[in-house]
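Chemist: Sequence:
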Amino acid sequence: MLEENSLDCAICGLNCSGCPAFLAFQSPEDSALRERVVSEWKKNHDADIPLEAATCGGCYSSDEDRKCCCPDCPVRACAKKRDEKNCFSCPDFSSCGTRQDFEKCSGIDITANFSSLK
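Heads up: the sequence shown is residues 1 to 118, going by my numbering.
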């Protein structure tokens with residue numbers, strides 16, 4: 001089972017505290033923030049997210065609390081399957097095809113994310 005890591009970040013190294021979807025989860029009464037999430041995800045990811053689903057509790061939350069942020073995230077699924085707390089802690093990190101495919105598809109540089117945390 002995944003447990004929250006000590007780096008205070010997503011499994012892929014993104015800083016959740018700066019993510020509008022995570023902030024919207026922390027402030028469910030802030031509809032303007034959820035509207036911003038919907039707008040940004042449409043613009044940046046061509047994703048149509050309903051307003052009520054524009055929140056995310058983070059990688060370590062339940063599936064129900066991760067409504068808009070890739071409920072089927074391959075990086076989270078891989079870490080869960082391998083019982084790793086985050087992508088960077090995996091012994092196969094440098095040669096990982098899941099990581100490489102995710103980086104190509106999402107534009108998220110997992111290596112850079114974790115390098116910036118050190």
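Since the hints were made in silico from the structure, they are not lab data.
Please read these numbers as outputs of a predicted model, since none were measured by experiment.
Be aware that a few hints might be false.
Derived CB-CB ranges, DEER-like [said to hold, decoys possible]:
| id | residue 1 | residue 2 | range |
| --- | --- | --- | --- |
| 1 | Gly18 | Thr111 | 31 to 39 Å |
| 2 | Glu52 | Gly18 | 18 to 26 Å |
| 3 | Gln100 | Glu29 | 33 to 41 Å |
| 4 | Pro91 | Pro28 | 34 to 42 Å |
Below 27 Å or equal to it, Euclidean Cα-Cα: the simulated DSS-like pairs (lysine-lysine) are [as the list claims (entries may be wrong)]:
| id | residue 1 | residue 2 |
| --- | --- | --- |
| 5 | Lys81 | Lys104 |
| 6 | Lys43 | Lys104 |
| 7 | Lys43 | Lys81 |
| 8 | Lys42 | Lys104 |
Backbone N, C-alpha and C fix where the C-beta goes; we use that ideal spot for every residue, glycine too.
Chemist: Give me the numbers of the hints this structure contradicts, sorted from smallest to largest.
Modeler: Checked against the structure, the hints that fail are numbers 1 and 7, while the rest are satisfied.
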